[in-house]
Each structure stands twice: as structure tokens, then as C-alpha cells.
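Student: As a plain string of letters, each chain reads:
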Amino acid sequence: MKIRCALIGSGNIGTDLLYKLLRSDVLEPVWMVGIDADSDGLKRARDLGVKTTHEGVDGLIKHIEEDNIEIAFDATSAYVHAENSRKLVAKGVKVIDLTPAAIGPFCVPPVNLDEHLTQGEDNVNMVTCGGQATIPMVYAVSRIQEVSYGEIIATISSKSAGPGTRKNIDEFTVTTSGAIEKVGGADKGKAIIILNPAEPPLMMRDTVHCLTKGEPDQEKITQSVLAMEAAVQAYVPGYRIKEGPVFDGNRVSIYLEVKGIGDYLPEYAGNLDIMTAASAKTAEMFAKQMIKNRT
Amino acid sequence: MSKIIKIHDMSLRDGMHSIAHQFTLKNMVDMSQALDKARVPLIEVTHGDGLSGDSVNYGFALHKDEEYLSAVIPKLKYSKVSVLLIPGIGTVDHLKMVEDLGVKTVRVATHCSEADVSEQHISYAASRGFDTVGFLMMAHMLSAKEIVEQAKKMAGYGANCLYVTDSSGHMLPEEVSAKIGLMREAFPNHEIGFHGHHNLGMAVANSLAAVEAGADRIDGSIAGFGAGAGNTPLEVFAAVCDLKGINLDVDLSALMDAAEDVATPIMGDKLPRVSRGALTLGYAGVYSSFLLHAIRAEKKHGVPAREILLELGRRKTVGGQEDMIEDVALELLRAGG
Numbered sequence: 401m402k403i404r405c406a407l408i409g410s411g412n413i414g415t416d417l418l419y420k421l422l423r424s425d426v427l428e429p430v431w432m433v434g435i436d437a438d439s440d441g442l443k444r445a446r447d448l449g450v451k452t453t454h455e456g457v458d459g460l461i462k463h464i465e466e467d468n469i470e471i472a473f474d475a476t477s478a479y480v481h482a483e484n485s486r487k488l489v490a491k492g493v494k495v496i497d498l499t500p501a502a503i504g505p506f507c508v509p510p511v512n513l514d515e516h517l518t519q520g521e522d523n524v525n526m527v528t529c530g531g532q533a534t535i536p537m538v539y540a541v542s543r544i545q546e547v548s549y550g551e552i553i554a555t556i557s558s559k560s561a562g563p564g565t566r567k568n569i570d571e572f573t574v575t576t577s578g579a580i581e582k583v584g585g586a587d588k589g590k591a592i593i594i595l596n597p598a599e600p601p602l603m604m605r606d607t608v609h610c611l612t613k614g615e616p617d618q619e620k621i622t623q624s625v626l627a628m629e630a631a632v633q634a635y636v637p638g639y640r641i642k643e644g645p646v647f648d649g650n651r652v653s654i655y656l657e658v659k660g661i662g663d664y665l666p667e668y669a670g671n672l673d674i675m676t677a678a679s680a681k682t683a684e685m686f687a688k689q690m691i692k693n694r695t
Numbered sequence: 058m059s060k061i062i063k064i065h066d067m068s069l070r071d072g073m074h075s076i077a078h079q080f081t082l083k084n085m086v087d088m089s090q091a092l093d094k095a096r097v098p099l100i101e102v103t104h105g106d107g108l109s110g111d112s113v114n115y116g117f118a119l120h121k122d123e124e125y126l127s128a129v130i131p132k133l134k135y136s137k138v139s140v141l142l143i144p145g146i147g148t149v150d151h152l153k154m155v156e157d158l159g160v161k162t163v164r165v166a167t168h169c170s171e172a173d174v175s176e177q178h179i180s181y182a183a184s185r186g187f188d189t190v191g192f193l194m195m196a197h198m199l200s201a202k203e204i205v206e207q208a209k210k211m212a213g214y215g216a217n218c219l220y221v222t223d224s225s226g227h228m229l230p231e232e233v234s235a236k237i238g239l240m241r242e243a244f245p246n247h248e249i250g251f252h253g254h255h256n257l258g259m260a261v262a263n264s265l266a267a268v269e270a271g272a273d274r275i276d277g278s279i280a281g282f283g284a285g286a287g288n289t290p291l292e293v294f295a296a297v298c299d300l301k302g303i304n305l306d307v308d309l310s311a312l313m314d315a316a317e318d319v320a321t322p323i324m325g326d327k328l329p330r331v332s333r334g335a336l337t338l339g340y341a342g343v344y345s346s347f348l349l350h351a352i353r354a355e356k357k358h359g360v361p362a363r364e365i366l367l368e369l370g371r372r373k374t375v376g377g378q379e380d381m382i383e384d385v386a387l388e389l390l391r392a393g394g
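In order, the protein sequences belong to chains R and Y.
The numbers in the numbering used here rise by one with no breaks, and the one at position 25 of the first sequence is 425.
The numbers in the numbering used here rise by one with no breaks, and the one at position 268 of the second sequence is 325.
Treat the hints loosely; a few may be bogus.
If you want a taste of the chain Y side facing chain R, the calculated C-beta under 8 Å gives, among others [to be verified]: (1) V113; (2) G145; (3) I146; (4) T148; (5) V149; (6) H168; (7) E171; (8) V174; (9) Q177; (10) D314; (11) K373; (12) V375; (13) Q378; (14) D380; (15) D384.
Below, in silico cross-link-like pairs of lysine to any residue (SDA-like), each with a Cα-Cα straight-line distance of 20 Å or less [stated by the list, open to error]: (16) Y:K202 - R:A598; (17) Y:K373 - Y:E388; (18) Y:K357 - R:G649; (19) R:K559 - Y:S200; (20) R:K567 - Y:Y214; (21) Y:K209 - Y:L158; (22) Y:K357 - R:E643.
It is worth saying that the hints were derived from the structure and are not from the lab.
All values reported here derive from a predicted model rather than from experimental measurement.
The beta carbon of each residue, even a glycine, is placed where N, CA and C say it ideally should be.
Pulled out of the complex, with its shape left as it was, chain R reads as follows (with noise of 0.2 Å):
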């Protein structure tokens, strides 16, 4: 049994998730929705059998019930999502929000997903891509020592990065900062963004900077982070510690890749392939639990 979902958006992000919930075996993709017909994002799913429309939400919602759509992801922007995700929660679909809209709460597989599980919210946002590369480092420090402050600088090509995220690029530096602190556990959050535009493009890299109240313990803190670089590898493959932890005074730094599987873009794309894994993993878990409850 398969638990049946829709794709709302059509963009680099929408189209990656596709290729990754074709693959699951507890989520099976039924609807992609898009606004223009001729995206990309749209004739890729139609070749591949999936139902679509260019109609937007509203060009969903009338089939939920005959598809028994129950889980919806949405990978639009933050200032469209809450009218989409108001739709869908009234036809008691979960959503799964990839926007920086944060109206649910912010949810980072390897730190938080299981309490959400048990709460059962109609709607958690998957914060930023930089977000779910980064807060789980935060989160193995601050689940050691106390972080006064938590900061990280992702990096990403310029040809990952599409219109919808250059278009609002302070919500990516506004979201990304309010869940350090929220989710990684961070007194204070700062979060920064950087296209390079280099060729061949470079790699995602994020760097993390923990500031901890008092030395930090140096064994402990190395432990927590390589077991928690092995709890993000579980769900993404390429991701991997670059250098580090490296300490000087109380500041701790951690120097991340994150490599892509090539779902949508290609490998460097690491930032795509981090956020729709992570979706794609929080929605199985969402899945199971609807299965379980069912049998």
C-alpha cells in the first residue's frame, strides 16, 4: 500500500522531489501542479505518467477526493503557499512546505521529525535547503553544550539557484536564522547566502559557526557531530563533513559538502537533492504512520 500525494510547483525543487517519490516505496506521486504548461517541471511528469495541470492549486483541489490525494508538498513561494496550504488542510491533506513560508512548525528530519510525528500537524515546513544542511550540525553542538550563538554561510551555484529563490532571498536569510534558534538550539541565529557563479559549478558547501558558552568539550562535541553526519547521510548520500570540527577558543566550525544524487540537476546541486530528500523522508515517515494506523 501507498500512501497517494500531489507536487504543487513545477520549479527545480518540485521536479527533483518527483524523481525521488517515484523511487519510494510508501509514497506514490499522483498529481504535479504547475501555472505553466510548458515548464519543464510539467512535461517531465507527464512523460513519466503522472497527472498534471497548469491551473495552480485550484486546479487540484476538485480531484482530491477521486485520487484520494493525502499528503501534498509544496515547492511554490512563501507568499502563495498559505492561501495553497489553507486549501488542501480544508480537504484534510497534510502539507509538507518547502517554501520559506514557515506557517507550520520548521522540521529537520535527523533533530525534530519524530516529535512531530507524534503531534500530528497538518502543515511543517522543511525550513531552506542551507536550513536542513546545517541545523543538524548546530543541533549536535547544542545537544552537548550550550551555543550562545549559531551561524552558518551556505554556498551554492548559481545555476541551482532559480527565480523564486533570487527573487526572495531574505526570506531564505530570515527563515534560515529563526530555525538555528528554534531547531538547532542556538541562543541567537545568523544565516547567510552566497551564489557563486564559478564554472564547472562548485559543490553546496555550508559552513557552521557554534559559539559555546565556556571551552567547548572537544571529544564529545566531535562525537555528537560524525554521529550526526551519519544520520544526515542516511537519507542524503552525498553529504560529508569537509573539515573540521575545528576549534579555537569557544568557537566551534564545522565545513560541509553536500553532493547531489542528480535526480533533477546535476550533482552539484547538492542543495536541491539535501531539501527534497529531506521532504521526501519526512513525508515517508508522515506515510508509514497513516499505513500503521490504517492496518
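With the hints as your guide, set chain Y onto chain R.
Tutor: Showing chain Y alone in chain R's frame:
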């Protein structure tokens, strides 16, 4: 009377890089008062990396942007104040925090090929009636034609002034002439600006080339304060312009005094110069504010700053990627170990 070229002082913003963002409020007030006396029309005041640049990555400033701006602005009689904002670091919210402090100009800076990340900030600043500048950094990395294409986006969002920014101090005068010349042609109704760094010793020559190619605004700083080997030294540029009959409408003697009597004592042994590291920035086309961070990495990890900077140039790093410095240092250490 020839047209007046507007000079824009960088001492209190780019100069922050020279001193790891540690100016005191008094330093800022003293320098801005001296600039005011010399009738410099525009002075930039923020963290070296712009609004909200305060961070582990770029360094924590001694004071918040709001504190510096509040200290400087009320005491000025002639000069107006600008702020820098780099999308990805600062946000429209940061702009809102300082807009009531008397800021006149907002400059929104992006890497030269990424102008479309500035839409939120430029359109907000323009809608609020600011003198709004689009600032294309690392302009040596694109052709003149491509720079114009990117500048068109910023003009479309509402910028009234467009800058060719030589963040690495890598450009030579003929390149400046070509780029400013094409910008002049493409934007007859916009102001065009040039921001230079002195890493190859060319900042004054480049600024002069920019004026001759039609630029309206030139950035510089007293005693050349600024990242790397510093910005165009304003007192030198003003003297050269005077000899060339270019009208800056500033008081040359007061500028010289500001550089010698006020600025130089503040910087002490941190006065920018074409050091080995700064020269490497210009030579390799690397973002000027990487300099002190690379020297720090050399001290901590024992990898020569020059090697780190050359490698960062090979990897085509862009402004803001200071986090690559320790990463690359550790990588080089292992490769050489």
C-alpha cells in the same frame, strides 16, 4: 563650469576591513567631521560587509550599525550618509531599522553576475525615495557587455545610479575605460560610478580613467582606508583631478589634513599598503576583504597567506566567501603535509 564629479567616501565602511571592524564611535565621528569640513558630499557608514555584516564569518564590529550611524549623522553639516547592503547578508528589515536615522543613499551590492538577488532591496529603497545605487562587485569577472546586462536588471528594479566595482583591485585603466564607457552609453539617464582598490597600485589611475570615460561618482577614502591595499586615496585623487581640471567641488587642503592629521593616526600600523598579501589579491583577482582573514589563517595553521589567496583565486571565489579561507588552508595543509 565642467560637471561636478561626486566623490563618495569609503573610509568609515570599507576602511572597517583595514581594522577588523574595530573603529570606535569617536574614530567615526572624528573622520566624518574632517570629511564634512572638506565638503565630501557622501560618506558610507556600516560594517565593512554592509548592514548586518556582524558575524563570525566577517568579524564582529565594535558597535552596531545603528550606533555608528546615530553617532555620525547628527553632527554633519554638509555631507550625506549612505549605507551598504549585500543581499544574502543584510535584508530589507535591516534597511528599515536604519532608514529613520537620516540615511540618504542606499547601495545594494551583488556579485557582478547575480544582480537579480537585489530586487527586493533596490525596489524597497527606491520606493522609499532613497538615492538608490546598484553596485556590481568583482566586475573584472565579466565582460563589459555582460556587466551592462546585469546593470539593466538593477535599473529595472529602480536604481538611479549603477556601479562598476573593482573589488579585487585587479582592473587596469583600459579595462575601466571600456566598462565605464559602455555603461555610459547604455545608461544615458543614470549616474555611473566606479569603486577601485589599490592592490595593483592602480586605484588613482583607474578612477581617473573612469571619469574620462564618463563616470559621475567615484569612491575613495582618506589615506586610502579600505580592504586590501585600500581604496582610491581621496586626497591624492583630488590633487590629480585638480591638475587635470576635473571639478570635484571639494577642499583639497582640508582633505589632505583629514588624511594626515585625523585618519592616519587612527589606523597606526594598520594603514593599508600594497603589501605582499594585498598585491596577491590584485594579481589573482581575489576579493579584497579576504586579506586579514588569510593572514589569520596563516598564523593559526601555518599555511602562507599568499598560497591560500592564490588558491581562492583559482577556485573563482566571490565576495562573502570568507568561510573558504580556513577550509582551503586546512586542505592545503593536508596536501602539503
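Student: Decide, hint by hint, whether the structure agrees.
Tutor: Quick rundown of the hints versus the structure:
no. : hint            : verdict
1   : V113            : 4 Å, holds
2   : G145            : 4 Å, holds
3   : I146            : 5 Å, holds
4   : T148            : 4 Å, holds
5   : V149            : 6 Å, holds
6   : H168            : 7 Å, holds
7   : E171            : 5 Å, holds
8   : V174            : 5 Å, holds
9   : Q177            : 5 Å, holds
10  : D314            : 39 Å, violated
11  : K373            : 4 Å, holds
12  : V375            : 5 Å, holds
13  : Q378            : 6 Å, holds
14  : D380            : 4 Å, holds
15  : D384            : 5 Å, holds
16  : Y:K202 - R:A598 : 18 Å, holds
17  : Y:K373 - Y:E388 : 16 Å, holds
18  : Y:K357 - R:G649 : 12 Å, holds
19  : R:K559 - Y:S200 : 19 Å, holds
20  : R:K567 - Y:Y214 : 11 Å, holds
21  : Y:K209 - Y:L158 : 30 Å, violated
22  : Y:K357 - R:E643 : 15 Å, holds
In summary, the structure is inconsistent with hints 10 and 21 from the numbered list given earlier, while agreeing with the others.
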